[in-house]
Each structure stands twice: as C-alpha cells, then as structure tokens.
Amino acid sequence: MTELLFILSHPPGASVYAQEAFDAALAGSAFSNIAILFVGAGCLQLIQPKLAVEAHERKDFQRGFKALADYDVHDVYGCEDSFKQFGLHNQALVIQPTLLTRVDISARLKGAQRVLCF
Amino acid sequence: MNFALNIQGSPYTSNSLWSALHFAQACLNEGHCIHRVFFYHDAVLVANALQAPPQDEMNLTTAWQTLGQNFELDLCLCVASCLRRGILNDSEAQRFEKTASNLAPGFNISGLGQLIEASLVSDRVISFGA
Amino acid sequence: MMLHTFNSSDAYRLHGHRPSATDLILLIEDAVFITTQQDLTQDHRIRVLREDLAQRGLPEPRAITCITYTDWVRLTVESQHCLTWTR
Numbered sequence: 001m002t003e004l005l006f007i008l009s010h011p012p013g014a015s016v017y018a019q020e021a022f023d024a025a026l027a028g029s030a031f032s033n034i035a036i037l038f039v040g041a042g043c044l045q046l047i048q049p050k051l052a053v054e055a056h057e058r059k060d061f062q063r064g065f066k067a068l069a070d071y072d073v074h075d076v077y078g079c080e081d082s083f084k085q086f087g088l089h090n091q092a093l094v095i096q097p098t099l100l101t102r103v104d105i106s107a108r109l110k111g112a113q114r115v116l117c118f
Numbered sequence: 001m002n003f004a005l006n007i008q009g010s011p012y013t014s015n016s017l018w019s020a021l022h023f024a025q026a027c028l029n030e031g032h033c034i035h036r037v038f039f040y041h042d043a044v045l046v047a048n049a050l051q052a053p054p055q056d057e058m059n060l061t062t063a064w065q066t067l068g069q070n071f072e073l074d075l076c077l078c079v080a081s082c083l084r085r086g087i088l089n090d091s092e093a094q095r096f097e098k099t100a101s102n103l104a105p106g107f108n109i110s111g112l113g114q115l116i117e118a119s120l121v122s123d124r125v126i127s128f129g130a
Numbered sequence: 001m002m003l004h005t006f007n008s009s010d011a012y013r014l015h016g017h018r019p020s021a022t023d024l025i026l027l028i029e030d031a032v033f034i035t036t037q038q039d040l041t042q043d044h045r046i047r048v049l050r051e052d053l054a055q056r057g058l059p060e061p062r063a064i065t066c067i068t069y070t071d072w073v074r075l076t077v078e079s080q081h082c083l084t085w086t087r
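Listed in order, the protein sequences are those of chains X, G and W.
The working numbering numbers the first residue of the first sequence as 1 and each following residue consecutively.
The working numbering numbers the first residue of the second sequence as 1 and each following residue consecutively.
The working numbering numbers the first residue of the third sequence as 1 and each following residue consecutively.
Heads up, some of the hints might be wrong.
Distance windows between CB atoms, simulated [stated by the list, open to error]:
no.: 1; chain 1: W; residue 1: R13; chain 2: X; residue 2: G13; range: 15 to 23 Å
no.: 2; chain 1: W; residue 1: T68; chain 2: G; residue 2: F71; range: 17 to 25 Å
no.: 3; chain 1: G; residue 1: Y12; chain 2: W; residue 2: R74; range: 26 to 34 Å
no.: 4; chain 1: W; residue 1: A21; chain 2: G; residue 2: S101; range: 51 to 59 Å
no.: 5; chain 1: W; residue 1: S20; chain 2: G; residue 2: D56; range: 42 to 50 Å
Bear in mind the hints are in silico, worked out from the structure with no lab data behind them.
The beta-carbon is built from N, C-alpha and C at its ideal position, and this holds for glycine as well.
Just chain X, same shape as in the assembly:
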C-alpha cells in the first residue's frame, strides 16, 4: 500500500523546485512506502537533459530517477494526458514511468494514505 504519494508538477530548468521536490520524495522513501506521480509540466523532468558537465549551472538531478529502484521505489507514474499534451511519447526519457489515465490517477489517489503536492 502506498503510504505517501508525491505529485510532482514543477518543470525543470528555471527553478530549483523540481529538484527539491524530488529530494522530498527520496526522503519519503527512507521512511515509508512511496509512489511518485509526474503531472503537467512536471512530466518535462523526465526528458533527458543535455547539460555541459563543466558548466554546473544546474545539477542533473534527474540522474537520480534511475536510482529509484535502489531506493525501493517501484511505483513511478506519469499522467497520460500530460504526456500527450507535452508530446513526450517520442522523446528520449530518463526513465519510462507507468502511464495512468485520469481514472487510474483517481484510483491511485484514493488508495494512498497521504498525498504530498509539489
């Protein structure tokens, strides 16, 4: 059972919010059984960034997505509507989340003990 469901809706890039929200989800995974749901512009975090390593302008925090299984996080979801809206179906993604319809999302929310929105 999902104890904490993290909804991530911030796009990467301009702010550090997406990175910090992911940190919160990782912290959650240390204490409980979590699930992550990428929605809206938050789905854009899944696109593989092209960052010059020496620039260090922003951290490639999305590398952490690949380590989610090591943190025992297996329920990683993306909103299917948002994927369509942002044209993500043909993009190179860091990880491929399980895509959920609106009805699926409602069911996951109902099944979660608590929901944290970022």
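Add chains G and W to chain X, keeping to what the hints say.
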C-alpha cells in the same frame, strides 16, 4: 483533527505563506491541532531575521512568530532549503564558517524527515504551493 | 471526496479537468481572477475563497458559493485528500 502544513511559496512573490497563516488560524480556532508547519523551498525565507520591511506593511515573519508562540506550534524549516538560501542558525553558521547567523526566533531548522513524519502521523496534509 | 485547490489561472487551465464529479474545487489566491473571465455557474463543485476575492477588489460572483477560511478548514476535514495545483 491533526494537521500538517507544507508551505512552499516565497514571502514576496507568492501568497502561500499568507494563505497558510490564515488557514492555520482558522484551523486552530476550529479546535484542531497542527502537528507541524513545515517550510520548504523559498518559504524558508520567512525566517530571515534580517528583513526590515517598511512599518506600514504587514510583517509576515512577525505574524508567524506570534501564531507559533500563542499555540506552541512547531515551525520547522528544511535545512537543505535554508542552506541554499542563506538562512542559518548559530550552529550552521559556525559549521560553514559564515560571519553571521540570521534565523528568526520561533523557527527551527531540521530535515525533510520532519515533513515525512508529520505527513504520516497527521490526519490531513495541506500543501500551500508556490 | 477530494478537495482540489487551485491558486492560479494557469493551474486551473492545466489541471482543471482532474477533479472527478464528486470532488470539490476551491479557487484561492490569483485563481479567483478566473471568476472575472469565465462563467463558472454551471459547475456546482466550485468554491471561491471570499477573502482572496475581497483582497483583489472583486465582487462575489452570483450563483457561486464563496467560502471563508473556516469553511475551507471544514472542507479539508470532509475530504479524503487535499490536492494543491499550482502550475
């Protein structure tokens, strides 16, 4: 009921700290408990003791301090958010060899575990987004 | 029942389709400006935060339920989850 508040918006470019303040007041007036108020992202900037807003403007920091004191609330800031944005208590200032600390009284700095714990033990978690 | 809070027009445009028929929608902060642009009277799930309308000098729209912070707290008690949509 037991509430956890998760506040994320910046003091001057978002309404979230105000919305959360009024929500918290209403919540306590209704007889509910607030297990913890967790300040994340830019919301930690509310605890900067070096702010000096004009006297004819409402002081958000003072408002939170007063509410916190009156109801003995745990006003907890995320340490990682604080360090990035330069909100330091004495021990962090010393650890990073900074010339001053600036954490306003009434707030405390701790880790993300406090948000997770509060979310798990409270009946409701309310996020106040940026 | 879940309570979906929106705090901007953008958030409502992007995520306004998410609440189910039995959920409730609460417009706060800059999302209250939607009341000046869109006829919301057909959607009986919508609530608008009275204080945020007043703060922006907006009238309380007819046929839409405007609520106080205390009402908001009561809605959170009745809701299984409170979801916040900001962008």
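Here's how the hints hold up against the structure:
1. Checking the proposed 15 to 23 Å range against W:R13 and X:G13 shows it holds: the Cβ atoms sit about 20 Å from each other.
2. Between W:T68 and G:F71 the Cβ separation comes to about 20 Å, which falls inside the hinted range of 17 to 25 Å.
3. Distance hint for G:Y12 and W:R74: a CB-CB separation of about 30 Å, consistent with the stated range 26 to 34 Å.
4. Against the hinted window of 51 to 59 Å, the Cβ-Cβ separation of W:A21 and G:S101 comes to about 52 Å, which satisfies the hint.
5. For the hinted restraint 42 to 50 Å between W:S20 and G:D56, the CB-CB distance of approximately 46 Å keeps it satisfied.
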